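Enquirer: As they're listed, the protein sequences go chains A and B. Numbering follows numbering that gives the first Met the number 0, in which position 97 of the first sequence is assigned residue number 96; successive positions increment by one, without gaps. Numbering follows numbering that gives the first Met the number 0, in which position 25 of the second sequence is assigned residue number 24; successive positions increment by one, without gaps.
Source of the hints: derived by calculation from the structure; they are not laboratory data. Since the structure is predicted, the reported quantities are computational estimates derived from the model, not experimental observations. In this text, a Cβ means the ideal position worked out from N, Cα and C, and glycines have one as well. Some clues are possibly wrong.
Here are the simulated distance ranges between beta carbons [said to hold, decoys possible]: (1) A:Gly57 - B:Ser23: 38 to 44 Å; (2) B:Met0 - A:Gly154: 52 to 58 Å; (3) A:Arg110 - B:Gly24: 20 to 26 Å; (4) B:Asp4 - A:Gln27: 24 to 30 Å.
Dumping the calculated DSS-like pairs for lysine-lysine here, alpha-carbon to alpha-carbon at most 25 Å [what the hints assert, rightly or not]: (5) B:Lys34 - A:Lys282; (6) A:Lys264 - A:Lys126; (7) A:Lys309 - B:Lys34; (8) A:Lys282 - A:Lys126; (9) A:Lys22 - A:Lys222; (10) B:Lys34 - A:Lys264; (11) A:Lys9 - A:Lys49; (12) A:Lys49 - A:Lys222; (13) A:Lys54 - A:Lys309.
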Amino acid sequence: MTLVPQLIGKDASQREYIYDICKRALRQFDHMGYGAIDILLWDWAGKSIKQPIYKMLGGWRAKLPTYASTYHGDRNGGLSSPQAYVDFAQQCYDMGYRAFKMHGWTEGNVREEVETVLKLGERFRGKMTLMLDPACELRTFADALTVGRACDEAGFMWYEDPFRDTGISIHAHRKLRQFIKTPLLQTEHVRGLEPKADFIVGEGTDYVRADPEYDFGITGTMKIAHLAEAFGLDVEIHASGPAHRHCMAAIRNSNFYELALVGPKCDNALPPVYADGYTEQLKGVDQDGCFPVPQGPGLGVTYDWGFIEKYRTALFEFK
Amino acid sequence: MSAIDRIEIHEFTYETPNLGLDSSGFNFVYQPGGKFAMTNLRSWFARPMAVAANMSHSGAERK
Numbered sequence: 000m001t002l003v004p005q006l007i008g009k010d011a012s013q014r015e016y017i018y019d020i021c022k023r024a025l026r027q028f029d030h031m032g033y034g035a036i037d038i039l040l041w042d043w044a045g046k047s048i049k050q051p052i053y054k055m056l057g058g059w060r061a062k063l064p065t066y067a068s069t070y071h072g073d074r075n076g077g078l079s080s081p082q083a084y085v086d087f088a089q090q091c092y093d094m095g096y097r098a099f100k101m102h103g104w105t106e107g108n109v110r111e112e113v114e115t116v117l118k119l120g121e122r123f124r125g126k127m128t129l130m131l132d133p134a135c136e137l138r139t140f141a142d143a144l145t146v147g148r149a150c151d152e153a154g155f156m157w158y159e160d161p162f163r164d165t166g167i168s169i170h171a172h173r174k175l176r177q178f179i180k181t182p183l184l185q186t187e188h189v190r191g192l193e194p195k196a197d198f199i200v201g202e203g204t205d206y207v208r209a210d211p212e213y214d215f216g217i218t219g220t221m222k223i224a225h226l227a228e229a230f231g232l233d234v235e236i237h238a239s240g241p242a243h244r245h246c247m248a249a250i251r252n253s254n255f256y257e258l259a260l261v262g263p264k265c266d267n268a269l270p271p272v273y274a275d276g277y278t279e280q281l282k283g284v285d286q287d288g289c290f291p292v293p294q295g296p297g298l299g300v301t302y303d304w305g306f307i308e309k310y311r312t313a314l315f316e317f318k
Numbered sequence: 000m001s002a003i004d005r006i007e008i009h010e011f012t013y014e015t016p017n018l019g020l021d022s023s024g025f026n027f028v029y030q031p032g033g034k035f036a037m038t039n040l041r042s043w044f045a046r047p048m049a050v051a052a053n054m055s056h057s058g059a060e061r062k
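So here's chain B without its partners, still in its complex pose (with noise of 0.2 Å):
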């Protein structure tokens, strides 16, 4: 058995330049100057060997 003994989430956010929100406020869209920043999620699991998953646009805020 390889049983799990510890999980690492990291929750990050990146800035993508040029993209923003239209009227609707949850569609990405082209926004010249935009700073789009998007938190991602990456889990790490621990034995027997490290290996990590994404979950990604799991929040987002409008700058």
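If we strip away everything but chain A, and leave its shape as in the complex, we get (with noise of 0.2 Å):
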């Protein structure tokens, strides 16, 4: 909202111009809120010439495989034990999904999450492509540590913000890399291009992660994105999203389209305000694992105007 003022006037195909001058205002601020704007402005671009962002920006493919993400777990009969983990998998499974990421308990409980991760690797190794995301709540580096070598024994592919440093620390994690196998999927906790320059520099991750609408939007993403290529490493779109699956369609180092976040017993939260049949729910995978990549010009979706009417709580107007 503080810089939708600043926006007046400019020319809404400048976004390099309209990146630079948002990243500086942003910079007391973790650089958060330019997302929304650069999408909109990509949109904007795709729709005057009636071309889908993706092949805008080169186009690589046009179905996104993509791994069902779980909300974290709960004591009232969702995701509230390791069998319910493993029983949501299958679900998963028998649904077409071919990847599965668990998120855990918020207590950080090492028990727990080992006995779940090794029941997820005993069932699925082979079979579906796994991963965990403790989303920093694990409070030690030891319990990080334990937690890790569980993921190499279930066969994990990624292993990622494992623990209380929320994501930050590239040391921690060069030093965590250093006695674990399973690769670490870092930087969704840093934001923009220069800091994860740093942690792959610094040997901080293995994979990178990258979000349009935390990363300076499709702008920021993409330059993540050569990023790492350039690295040789690939980068993870994290979360959902019409702007999400427009990037990962462009770029080649890049390997599971997140579903986020799904469960046995609710909905994703992402509220349906598309017209079209646009959807994140997790019905919506096709029987190869993947979710399309929307054809129309800009992001490809219609929004539902009269569903945002119907819940509005507040416009405002920027002339």
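Could you use the hints to bring the two separately framed chains together as a complex?
Expert: So, in structure tokens, the structure goes:
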């Protein structure tokens, strides 16, 4: 909201210029908030020339291999036990998913996390790609090391944001990499191009995270993707949305789309604002375990303005 | 030049059933009977044609 008045009068086609001035303006706010603006500018540009964004970016694929990314563990009868995670993974497998990521419990109980990891590996190793994201809930480096060794044993593809440094210590993650075999996925919580470059050079991660909403939009995400490419690494797009799909569709060095967040007994919380069938719900997967890339111009989605107006709580207008 | 001459931001709140927060107060979890209200922002960009971009998770309250 702070940035919006500054956009009036700017040339909508000058995304790099607007990125640059907004980046400076947000330097004391962890650079958060610009993503939606840049996505909007790309959507406008795509509609102007009647091309989907992923083709404007170069185009690599039109279907995205997808992992079901779970809600956190609960104590309410949903994802309430290691077996509940296994059962939900089986449900996802039966639907067509060939990749599954668990978020554990807020308590960061090492025994419970390890048991779940090992159970998932025992059942699905070789059938489904597995990932773990404790979301910084493990309290100590030792806890992170113990759970990481379980990931080694269970054959997990990656281990993400394990402990309470909140995902920002290059040194700690370089040390953790020295003790475990499972690749780390870091940089969700360091913002934008330069800090991620520092994480790569400092050997604090194996895969690189980028998010069009967090990392300066589509413009920022593609810079990060090319940064990772230059180092021979893969970039994994964080979370779900039309912009996320277009970015991944234009990136060769990326493996999975994150369908976040899903569980066995409640819907994805992303609001159903689309009038054209676009969905981020579990049922959206195809028989190959993929989600589609919208093919219309720009983001390729149509918003249900009736829905938005029905639930609107405020309208701000800038001229 | 395609000058930006108007921007609307629509804030709306939508409740997801059977969803709540865990004991930390930050993680979404299954909660039978719960109603989790999430506030979203959606921007509308006026000229030369209407487009929109979404920013979700901008705010939330437990109900």
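Enquirer: Could you run down the list of hints and mark each one as holding or not?
Expert: Hint check results:
1. A:Gly57 - B:Ser23: 38 to 44 Å: For Gly57 of chain A and Ser23 of chain B the Cβ distance comes to about 41 Å; the hint holds.
2. B:Met0 - A:Gly154: 52 to 58 Å: 55 Å, holds
3. A:Arg110 - B:Gly24: 20 to 26 Å: 24 Å, holds
4. B:Asp4 - A:Gln27: 24 to 30 Å: Holds, since Asp4 of chain B and Gln27 of chain A (Cβ atoms, about 29 Å apart) stay within the stated range.
5. B:Lys34 - A:Lys282: 22 Å, holds
6. A:Lys264 - A:Lys126: 24 Å, holds
7. A:Lys309 - B:Lys34: Holds: Lys309 of chain A and Lys34 of chain B sit about 18 Å apart, inside 25 Å.
8. A:Lys282 - A:Lys126: With a Cα-Cα distance of about 20 Å, the restraint between Lys282 of chain A and Lys126 of chain A holds, given a limit of 25 Å.
9. A:Lys22 - A:Lys222: 14 Å, holds
10. B:Lys34 - A:Lys264: 14 Å, holds
11. A:Lys9 - A:Lys49: 22 Å, holds
12. A:Lys49 - A:Lys222: 24 Å, holds
13. A:Lys54 - A:Lys309: 34 Å, violated
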